[in-house]
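K.L.:
Quick note, the sequences are listed as chains A and B, same order. In terms of the numbering used here, the numbers along the first sequence are unbroken and rise by one, the last being 934. In terms of the numbering used here, the numbers along the second sequence are unbroken and rise by one, the last being 1324.
There may be inaccurate statements among the hints.
Here are a few chain B residues that face chain A, going by a calculated C-beta distance under 7 Å [as the list claims (entries may be wrong)]: (1) 1002; (2) 1003; (3) 1101; (4) 1119; (5) 1124; (6) 1129; (7) 1130; (8) 1228; (9) 1230; (10) 1231; (11) 1306; (12) 1312; (13) 1313.
Hints in this document: simulated from the structure, not taken from any laboratory. All residues carry an ideal CB built from backbone N, CA and C; glycine is no exception.
This is what each chain is made of:
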Amino acid sequence: MSGGYKQQPGGGGNITRKDGKRVAGKQSFPPPGSGGSRPQMAERDLQFIPEMVGGREKQPAGAHVHDRIRTGTTVGKSMKLVDSNAKVTGQAWYGDDVRLPNECVAKILRSPHHYAKVISIDTSKVEALPGVLAVATGQDSTTSFGVLPVTKDEHAMAVDKVRHVGDLVACVAAVDEATALHALSLFEVEYEELEPVFDPKKGLEDADEPIHWRGKYHLAKTNVQKRVFQEFGDRSLIDKPSASNHNKWTMKGVHHGFTEPHAVVAHWDPNGRLQLYTPSQVPHYTHRALSTVLAVPMHQINVIRTFVGGGFGGKSDPFPHEMCAALLSRKCGRPVRITFDREEVYMINRGRHPSHIEVKMSADKEARITGFDIDALIDGGGFASFGHVTSYYNGVLATAPYELGSFHYTGARVWTNKPASGAMRGHGAVNTRCAVEVGLDQMAEDLSIDPIDLRLANLLPPHSRTISGFRITSNGMREALERVREGSDWDNKFRQLPLGKGIGIGCGFFISGSGLPIHWDPNKFPHATVHIQVDMDGGVTVHSGAADIGQGSTTAIAQVVAEVLALPIEMIHVRSHESDTSPVDLGSYSSRVTFMNANAAIRAAIEIRDKLLNAAWEMIGYHPDLLVLNDRRIYYKHDPSIGVSYLKALHKAQEDKGALISSGAYRSPPMGGIHKGAAAGLAPAYSFSAYVAETDVDIETGKIKCTNVWAAHDCGRALNPLAVKGQIIGSCHMGLGQVISEEMVYGRTGHLQNANLLEYKIPSVHEMPNVVPIIVESCDPEGPFGAKEAGEGPLLPILPAVVNSVYDAIGIRINDLPLTPDTVYFAIEKKMKAQSVDDPLELESPRLIHSAMQQVVVERAAQHKVRDVARQRSDDTSAYVNGVLFGFDPNIPLEDQVEGWRSATEPLPDQLAELGFAGKAWLKKEQRELEGDN
Amino acid sequence: MLMPPFTLHHPSNVEQACEIAKQLIEDGQQFDWVAGGTDLIPNYKWHINTKPHVISLAKIEGTNVISATEIGCMARLSDLTIANGAHPLIAEAASKVASSLIRKNATMGGNLCLDTRCFWYNQGEDWRRSIDWCHKADCGSGADCRVIPNQNTLCVATYQGDLAPNLMVLEAVVHIVGPSGQRQVPIAEFYQLDGKKKNVLEAGEFLLKVTFPEQSQQRTGCYQKLRVRDTWDFPEAGVAASWIAGDEKSLLIASTALESIPKMHDEQVSEALTDGWNGADSVKSLSVAIQKSIKPVNNTTLTPRYRRKMVRVLAKRAIEGFLQ
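Next comes chain B alone, as it looks inside the complex (with noise of 0.2 Å):
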């Protein structure tokens, strides 16, 4: 398999970076950012949306940071899976993600904008090339979305990161940077329908960190990843929660490989919660709840059907994870 050509830059710093996306934008020229590499080298190696340049974030200072606080992009999961400071739940999650050495490359950044996932998408160049290509890599033919046919308008790939329902559950904060400055946004909106948008970075502008509240360090939480193999696989469901010991009000439960984006499940928290904490009744029809207001599609490894049912156990089980 042969990698396109592409020019890679390696900015030092945060102003070198903004300032080559700049120019690029300027020239007309396309361009993806690359942290580990780890989703994008394959997709490049599968000429998915290749772009004739590439920045890395790799070289610029100080963004490998990990702390209880902050986390840079390019933190390897790796090393957030060790005991250094980052919230357990992180460590957890990040533990799960893929494998041992993939994790070696891989990063906080890039797992936070992984692109969405779809096996009519994730092909070698001959092979989508066969159907005719699809929405989200149409190739210039306008091609219809090959999940839900008879629309060209919506992509429905699936985001299968692990960490951001985690980092949802722990209200982390993400700041962008890009050309026009820096802003920050809750993570909670970082993500943006559809599969081809995916979140709310501009162009020119990528994700430099995330930061944590204060009381984020007093949540326990637990995350439960449903896949068919104890390694390297990608999440096919995924559902965090998180609380603050003892007070039911403050329990949070984000979920994420189901749909486009990753999801918090603020609404059907407090709707479980109406009529005050009920224990395992309460478990149940939140898990419940939860399960309805999703909508997989047929897209990854595992069916829909059954990832919507499992939805509910792993609510369940992620709940009791702390409970206990």
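For reference, chain A alone in the conformation it holds in the complex (with noise of 0.2 Å):
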């Protein structure tokens, strides 16, 4: 058969346009591989195939078990996502993108007030005026919902109580916005005003009226929705340290700020389905939570999960909006469309949470970290959304990646009468992981070391288990900090440079998937799903569930597809929008999808391999372990004419069947502890990042402006260079705003006074510091082809790395995010009134001379970095806890062989009067406990 297989895709390839674009239709694909005797495929990429299974690419973390299903295809490589196309011509659909025939426009009536009794809502005027089609309030749907099944407080619109200004009351369709617009003023509601909660602190306190009632669990009539209590480890070490600080952190809340306002249609098809357009992180919650509110089975629902125009967390809750559009759309009989203002954006909000953060820490004479002291007070808002997890993420991130003597966390959430905090980009670890390397930085300064070698001296090994028992696999921490140090010349600048330049360090730890599926057990039904379909025309369709959210998911599940298969790209299809066609995923939260979707699709693309290898085998007569796949050709590895192409071995492969489909899925292996809130915290696997941040300090008026960045983080595998690059960089910029400009900003009335992108200061390209983004790759063992999280991880290092810099220009450490001008200006002026300058030009920068801890702290990072390479490799598989370095045998339970060491989950009744802010909740009973004592 000469001039290839006729099935194959493309046509040639030759056709060109004079001015060098594509012909439409013409995807420039190379000659197919025709198969027998024409053996025209590209040549195996050696470069990107690993050298144990015979490739030229290196492999210093050790062999990894996807080696062998390596074809040097995509992995490794930089590539453009496989949306862009539609993104960069405008033509992705984003929320506010649907149009369906005959749609209506809705709008939504907000509370004025923080805090009050809806007494009547009165809506006869609005259902009279002409364009109206039909009305909605809390009364519609009295079912509540919430992202997490043990904190459901939401409702579709306020039932009983509104709860901040802006909170949902209720909705109207109508023939157009502006008739939309009018029947809102007609709404006539009367409310019946409550005393509003705005400071956290005063959450803790009885209230006359607590913004939700949990009932029998609820602690006494305060505000707190959730505390957590974590104590491990041998609290005798921190007696008679050689450093200890105690640091109190304000954090001001800040938003995602993503570029798509929130926007939904729904559509009850004339069979009576729900048909619900919205551009959603997490399709699947949605899906369930409509299931509830609106009483009808999940299979009469589809979820259309548009292009999402960023999410960052932002749009990972179920929300009262969609519940609303759905409502709206089943009484008047049409599509219902609501899009936000950029105000309404902020009013619905799930930022990142309002926090006071306390952290003390103490090192020995070895300079060991004997112990962090953790307690942290945050703002929740109106409702619960993740907050039941954030709650402990405060905490429990911090665990690693140094070894601890002792751990001990109190961490209280607190609703307050403002738009509810939630889920964002680092989710719960990232204001807590400032405070503590902050911390750190103070305690090197206090024993005179390099903050650097005090973190290379005291970090976890791979294949480990922290203080509080999360399994760390794969761990690239070291060669983070060393590659970070090299890259910023470090050893040059720290300390060094002139009064108003400085730099500074900082690290990051985050999970690579929450371990626990929430919504069922994960020993029962696995985390991720993922479907592989190929028809007779050699395409392949995947289906998944996972939500891109612009990170490129659907590239890097189409990419270990493509890998697998030796297949170009372009022939893998992701079909992810739609629940209907997708299989249950949980979504795009805890950096869990390329973890886990790209494990279930490789899991999904070996059984359709299989089939390829021994119909090959049927064809040519050489067992599948003698065959090579390569860019749609199978042939003999050792004579590579003798083969067959892609579309021959598949449609013999078809013979019997047609279509060749395959189901792969993803479950985490057991693991954790069994304390309370072991779950919290838990992943496969985690990421480690390193910072060393380059900043400028204007000090006359302080203003400060972060230069350069050099930005180490541990991906495990790179699927995709570029797209990791783009995470790293794309994580510093919103870091950044949150360490320079961004907050929400509460005024005296307690209203939020900068709901509007002008306002709300997002760094712009002027702000934004050369950014050097440093890939380690520490080849996790579970992760698809080595691959761990890049999305969130990285946004940590860069707060603590901008405030260390700081103090190394100007000798100044500030508490309170961000550091907008007027914060330094004052903390530099305070500093001039302590040392009697009255010209700013002439304070002192910090100087280091290092102390003879120094020596001890780098013989140690010597030893440990020998260490710790055996472990990657491998080649040292003994058991490793947190407490080895405190010299205690890993293999005995610590319990038995420390007296004293503790693992608890609430305090001892003496330790309660030394808890922080946060820690006072412990003060309280719950209601159960109450009715008990009466």
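Got two chains here, each in a separate frame; can you build the complex from them with the hints?
P.N.:
Here it is as structure tokens:
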């Protein structure tokens, strides 16, 4: 068969336009490998095939279980995202781009009060307005919902109370926007105002009317939504420290600032099924919530995820406006669209929690970290959202990458009468991480040692266990630190730059996929499922529920399938928009998608691969073990001329059954401790990062400008280095916003003062430093081809790196974020007063003369480096748990060998008096206990 | 966000514009002038003091002139930033306004007549309703000022234009036209308290152009702007200074974004120069005097305490900007 097998894609790829643009409908495919004696395929790309299986790709971190299915097709190669053409040509359809025939527009009536009872709503005038098609209030659905099954405290609209300015009261659908807006002014609502709470510290006190009521689990009459206590390790180690510090931080709330405002279209189709279009990160959660709120079985709802114009955690709750659109559409029988104004986006919020964080830490005479004491009081706003998890993350995600003598955490999340806080990139870990890393910098200063060396001498090794029981697998922390140190020329700059110029270090640690699937037992149902279907044309359709929110999850899935089947990525079509056609997936949060979905996709692809190889075996007589897949051709490994085209093999495999179908799933291995809250922060892998930031401080105005960042992130294996670099640079930008200018400002009346993009100050291109992304590849044994997350972890280190660089520049530590010019200026002024200096230009910047301890940490770091390399490459497979650094035996439970080794989730009575702000929540009793007392 | 409906008028010459204004006044209709629209349109979208009629100056011939002695009201800021005859100080100041995209639309006239700003005022309608409105846009409620409560006679919204102080130190003259004819006022007298009144324009009048005296060409100057981000943001404080090289007595300083109107600092300058020019010491005492003369209030992004302190630094840097 000359000229190629007929059903190969493309048409020769030789049709070109004179202007160099692509001819519509003509993909520029290379000539297809036709099989038989004309193998016109591309050569195997040995640079991208691991050396363990005969390629030339170096594997410093050792072999990987997926090595044998590598084909050198896509993994490790920088490529544009598969949906980028749609985006750059303006053809991607975002939430507000959906237009259905006969569609109408809905608007939401929002509360003008911070906190009030809704006494009555008179809708008669609204209904009488010509052009109004449907009206709904809280009474149309009184069923509560929420993103977490344990804290369902939201309703489509206020049922009894409004809990913040902007809370939903009613909604109206009309023939056009102007009519809907006019209709809003005709609602007559009677409120009875209640005393609002804005200060989270007040939220710890008993109130006349708590914002929510949890029945017998309610904590006295406070507004505490969740309290956490965790204590691990040997508390006696913190006695007699050689250095210690105690810092109180105030971090303002920040918002995701995604480009696309929320938008939804709901439509009950002629069969009475709900079709809901929404730019959601978690279509499955929305699916569940819709079913509950509308009292309709899930199979009668199809959630269609549109393109998502940025999410960052802000589109990962099921939202009340989605319920409103569905309710209105059901009433009026027409598709209903709701698109938010930017102000409404801030009213629904779900941004990072405003936080009061206290961190105490201490080191012993060998500069080992003997204790972290963390207290985090976080302001949840009006609803729970993800707050239950955030309450844990603020503590537990500080238990690595360092080996600790002891760990103590008290956390509390309180409801206040503000828009609800929720999950945002780096969920729960960001603020505490900043406080911890700045504390370490200060401790290094007090010990007169280099802060990078302090860190290098206290790292947990690969394949170890943290003090709270998290299972660390691959760990590139050490390499990340070493590479930013070298890249930034740290040793020639730190504490040596002139006044006003500074350099600082910060590290990060983050989960790569939450280990708990929230809605089900991970042992009974997988985290992620992917289906693959290959029909006669040879194109591969991949069905996944993973929500691409711009991070490139669709591309990652397409890449791994292309890699396993050795097909050009253009032949892989990922279908992930509809719940009707997608397997259940939990969504894009906790940096789980690449790890879990790509693993599931690999499994499904292996099944297809096996079928193809078996077909080829039948056709050419060589066992699959002796066959090579490469660019649409399968051939005998020792003689490439003996082979068969992909399409021929495929058709052979289809002879009996038609299209090839396979399904793959990912389940995390059993792991973690058994204490209360042990599942929070548990993940099948963790990412590590280290950043060095260089900052200029204008000493007269207090304005800071971060000029350079060296950003090393351990993502296990960069499936697509271009996408990883994009995530690192994007994370730098987002984190920088929180550290220099972004804050949700609540004024003296409790109103959000800057609900717009002019006054909510996201850094512009002028504020962006030059970022040098450095990819560290520790090759995770369970990650897809070794990959771990790269979407959230890279945000963490930029905050402390900048704060520490400001100290290096002017010798001032500021514990309030953001570091706005006025904050920095008044800190400078205070220092001038303290030093009796008139001109800030006469201030001195800090200098470092190493103490004897420097040698101790340098030597220990060198020993640990040898240890870590051996453990990473599995040359050393001995057990390692947090505590070995302090001389404990990892093979005996620590409780059995250390007197006083604690693993507690409730405070002892004698601890109550010493607890921090959030810890005060433990002074209160739950209603069920109070009832018992009576 | 839906634009409230209004009738847009497009006069093609000054006479027509005045005629339309006159007619609307006679009919008892309220209206606004619009030039580039980058200030008015966002306010309209927020339903702030919207009017049923808007008269556009865009098609009036000859209003986009830019020369050393004259700048028309419709001259675009982006055109002012490039070398085309305007004084370098104006080019510098124009280049610091908002962002490059906005400067493509924004105009000289619009920037000078910028509405005063306040975070109790520049908000959506629902938000303002939620605080029971404010004095500047009271929607018929007679609401109190939210910045300084218990006084509902004065609006303290802040004027945050960048060009005005620079025109002040170049001694520009504002040409005003309206149904009752043309008049001219020095720019230092153009602005008038309070934050609602803003300037001397009477009903039906608009700012046609500004002209510059010949000697303004001999002036060198510098404009210092305080803002959180180096684009988009309005000034949190701004100081412009100029002089004719070598002649201390010619020194002029003006500030903006600190009160409801931009301000000349002639008094502080002449006081500082009483004993003649004394280099760095004069710069210091002058910048301290200017700091003392202004009273910002809490209605912009940064705190008034900080903005006041920064005036000293900005003044110092502005003067040093051309002394060096």
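K.L.:
Hint by hint, note whether the structure agrees.
P.N.:
Now for the hints, and whether the structure bears them out:
1. 1002: This interface hint holds because 5 Å falls under the 7 Å limit.
2. 1003: For residue 1003 of chain B, the interface hint is violated, since the closest Cβ of chain A sits about 10 Å away, which is over 7 Å.
3. 1101: violated, 12 Å
4. 1119: Because about 5 Å separates residue 1119 of chain B from the closest Cβ in chain A, which is inside the 7 Å limit, the hint holds.
5. 1124: Constraint on residue 1124 of chain B satisfied, holds at 5 Å.
6. 1129: With a closest approach of 6 Å, the residue 1129 of chain B hint holds.
7. 1130: holds, 4 Å
8. 1228: holds, 5 Å
9. 1230: holds, 4 Å
10. 1231: holds, 5 Å
11. 1306: holds, 4 Å
12. 1312: It is violated, given that the least Cβ distance between residue 1312 of chain B and chain A is near 9 Å, above 7 Å.
13. 1313: Result: holds, 5 Å to nearest chain A Cβ.
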